[in-house]
Amino acid sequence: MSRKIIETRLEEHLITEKPYYLASGKEIEIALSAHKNGLPLLLKGPTGCGKTRFMQFLAWKLGRPLITVSCHDDLSTSDLVGRFLIRSGEAVWADGPLTLAVRSGAICYLDEIVEARKDTTVVIHPLADDRRELPVEKLGELLSAPPEFMISVSYNPGYQSVLKDLKPSTRQRFVAISFDYPNPEMEAEIVCKEAGVDKKLADSLVKLAGMTRSLKESGLAEGASTRLLIQTGQLIQDGIDVHTACRAALIEPLSDDPELLAALQEMVSSVF
Amino acid sequence: MKLALFTERFYDLVAPDIPNEWDVEEVLDPLIDESDLVCEAILGHIPVIWPVSHSLCYDFLRLLPKTLQHLSLEQIPHWIGITLDCYETDGLRAAQRFMQDDIENYLKKLKGSGGLPLASIERKLLPYIRGVARNELQLKQGKTCYTDTTSIFVPEELRFSTNNDVNFLLYKLILTFQWGFMACKSFINRAPSGFSHIECDEDTLWIRAYLASFEEPLLARDIFHCLESFRVRIFLTQELPGLMRAAEKHIFPQLLLKSQKHPLNSLQQALIKDEAELFTLLTSNLTDRECEKYISGEASSCDSAEITAKLFRTLFQKDVEYLPIITLPFQGTLKLQAIETAKKIQEQKMGEQFADMMASYLLTLSKKELGELHEQDKRDSGNQGLAESDISMIMDSEFSGNTEQEKDAPILVSINNEQLEMPVELEEFTKSFLDEFGHLPAHFLSSAAGKAGQAMLEQEVSGPADNSTQPKSTLSYDEWDYRRQGYRKSWCSLHFKDLPPIRTQFIQNTLAKYHGLTIRLRHQFEMMRSQERFVKRQREGDDIDFDALVESISDSRAGISSSDRLFIRLKRDERDIAVVFLVDMSNSTAGWVNNALKESLVLMAEAMAVLGDRYAIYGFSGMRRSRCELFHVKHLAEPYGEQVKERISSIVPSEYTRMGPPIRHATELLKDIDAKVRIIITLTDGKPEDYDDYKGKYAIEDTRHALLEAKTADIHPFCITIDHKAREYMKHMYGPANYIFIDNVRKLPQRIPEIYRVLTS
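Protein sequence lines correspond, in order, to chains A and B. 1 is the number of the first residue of the first sequence in this note's numbering; add one for each residue after it. 1001 is the number of the first residue of the second sequence in this note's numbering; add one for each residue after it.
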């Protein structure tokens, strides 16, 4: 039975310009090898440390489109796999992002997978082991993933809610790469490059971030991420003075606790 | 007020305690002449002090006539607050002393002497310095400023300026400067190359031995201190320019050195002068090249050591008496002895940890390897088991850490002349130990061997547990022995006890005290309960699910049988959660901690009543494995009523903290409960510890194992602790993100419900 299928423009997902990514370990080699061997990838690490950027870089390097799905608790299986729609009185099938990726041999990246409900995440199981196939029940099709296809998921293990953890049966299918903030020299280089600030300012920002990260046990859930540093740098570059920019883009996003905020402010005034 | 009435009221307030009538009348008698208003006010304070300490309460009453001469009625509650703080931090004696002697001091402070007390800003400064130093430094009060590398000591109050912003800045500068000494590696531990002629034993800081080798060690120390301070100053200017700029503007100008004719004066001056004058100030003592090195920040502590010797030669005059330098307030003093002590404590701690790790590693070695040794030894000496000397261990001494290559070389351990490779974890620990202390004292190795030997001995000797008659309400639980990597079967007896319900004002008082908070919590918890969400694709419901409808129509057009799940229904998310709260009732919780724990339980229970989660509360304590006790406060199915409230009020600190059995019991309980999420929350104030050998690593490992058992049964353990020192082992015991610290006991009641909320939503 032939069906009408809505064509999705795949080229929109193709990354043409080389994304800036500075490797801090062997993560690129591991990911390339995982891709070569058809293995799924699990990226874990704190917020804003470069997981998504890494995926963009990987997709560019492999020359494959990157289809990103930000997971949330309302995400249904149809949202991933696809559904029929009616167009001019006719039922047409629209591929979901996952199906699209399988068909076209793209890279499918499920961001923050723990946010999705567990009954949704099981649809990736057959794709994430050696079967590498996706049953599309409504079409009665069993799609086999081409060698170029890759599935990758990310999550942040720092959450304390017991309800947000990955099921072992899901977890144990992946090649896992653990991400952390880059070392100070590299982080400064990244901030320089991304925010367009000078080396000295970048160094100071990174120093400040290091200070906030060591407060993890003093009540700060997560220290300043590389992303926050870049944003701070961008504000400064735009002519906002350093103290105001740090307050707005680096300190306030971290905490609401007045005493911690005061301590962070003291760090800023010491560094700059 | 009449004495009889006064006494009666007193008894009412302290019930269920029945204090000695003599004591009560003795302290109340001098107060009966006071007006009723005063008497009522006095009585109002009794419930505050009595639960904390009875003798403190008596002292308070005894001293009251004198106190009332100085303080007004309104001032007394604040004064009591400080007394209790004093009791909490320094014990009864200190609190008594404060009450007796310090009223005038207190009044002075109250009037505002213009100073900035450390206590008022400590919570801001501590995270600041920890962030800057990137480690868990402690902040302590001291008469002078110095650091022992684990803590920084600062004065209790600063009155440097009338402007408290400047005082705060000075506090910040003191802390940062003391950290600067650590960051600049001023406290040279081992002899640098070129200085090998000064020898010191392993326990002494090399720099102390070096300074002591001078004819006038105090002068040498002063010179070294000056030079190092200058180095720190330059380092901070580069590292934290903002701070130094502020200091140059607000602090340095006010620091005029008294015109003292000290030869080091110009060096001291250099610390507070701007860059333009630096060179001239330095050249009076140093050569041009040395000055440049210092100003550019390239000098090292070895340079300082070298120049100390040179300067000493020019400055030292035999017949002139030693004249101490006047240090600047932020510079502090150099207390090398304190550093050594702190290092030793640290080394001992890490050494013991090493010995424990080594011992458990030795026990994992094949029985044959050790067994043979054992047999042989038995034959040789008729020894029982492996004594300390039975395993001779030599750590590969090649490691000296001088070159990168050597650093990466594996560390080998030779046991009875046989070379073995260590497991990665142990090896890494050893390396970090060697990095820190430069050597590994032999007694830690022999202690490891000793421990391993002992555990083996126990394995052989320990037969089945004694089958003494046990009361009916007793269960026995296994205990994990990490040394043998196995369970001690039925090792602990857990006795169930009921807490006597006690009718007190505690619950009312707590609810009154936290009235606002209770309302807020109830509201928050209510929001959690009514987590309403639209469930889509239902067979029936309140509204049409448009997505489903479209899909269904498309499906039918496409020729597939379409779904009849076309409705949206508003559904309340069923919270299917069962929780067991285990409350530490060990002796160490006496005082504020116990009170705060109880208050938190009350607030928690009040909020939980809205939520409808099933929960149980048990207290635990006990002494020795034969008598672990579990106190029933509330069972899972029991409703929260008067009885439960009264039992919460009667939670009192009793004995020790053996955490394994109660956790295992809670696991057993929850195993049979059908709930989507099952949680054990432990509220504790410290490490697991019992009277017998249930301490240190053994206790931690057993607790960890009990928690692992819970995890295996799909139960989530979580710990709320107020132990400041807990950081190292908590992660190991509970796993990352499964515990939380609460810095301030007083915040406990507020925080616990919040934590619960975050944990389960």
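No lab work stands behind these hints: they were computed from the structure. It cannot be assumed that every hint is accurate.
What the hints assert, rightly or not - As a list, the in silico DSS-like pairs of lysine-lysine whose alpha-carbon atoms are at most 25 Å apart:
#1 A:K200 with B:K1293
#2 A:K199 with A:K18
#3 A:K167 with B:K1671
#4 B:K1536 with A:K207
#5 B:K1536 with A:K200
#6 A:K61 with A:K193
#7 A:K118 with B:K1671
#8 A:K44 with B:K1731
#9 B:K1293 with A:K118
#10 A:K138 with B:K1536
#11 A:K207 with B:K1124
Going through the hints against the structure:
1. The straight-line distance between the Cα atoms of A:K200 and B:K1293 is roughly 22 Å, inside the 25 Å bound, and the hint therefore holds.
2. As the CA atoms of A:K199 and A:K18 are separated by approximately 23 Å, the hinted pair is consistent with the 25 Å bound.
3. A threshold of 25 Å between alpha carbons decides the hint, and for A:K167 with B:K1671 the separation of about 19 Å falls inside it, so the pair holds.
4. With a CA separation close to 49 Å, the supplied pair B:K1536 and A:K207 exceeds the 25 Å bound.
5. Of the supplied pair hints, the one linking B:K1536 and A:K200 is violated, its CA atoms being roughly 54 Å apart against a limit of 25 Å.
6. Of the pairs offered as hints, the one joining A:K61 and A:K193 holds, with about 20 Å between alpha carbons and a cut-off of 25 Å not exceeded.
7. Of the pairs offered as hints, the one joining A:K118 and B:K1671 holds, with about 22 Å between alpha carbons and a cut-off of 25 Å not exceeded.
8. With a C-alpha separation of about 19 Å, the suggested pairing of A:K44 with B:K1731 holds against the 25 Å cut-off.
9. Distance check on the hinted pair: B:K1293 and A:K118 sit about 62 Å apart at the alpha-carbon level, beyond 25 Å; violated.
10. Pair hint A:K138 plus B:K1536 holds up; C-alpha atoms about 19 Å apart against a cutoff of 25 Å.
11. Under the criterion of a C-alpha separation no larger than 25 Å, the hint pairing A:K207 with B:K1124 is consistent with the structure, at around 19 Å.
Hint compliance for this structure: hints 4, 5 and 9 are broken, all remaining hints hold.
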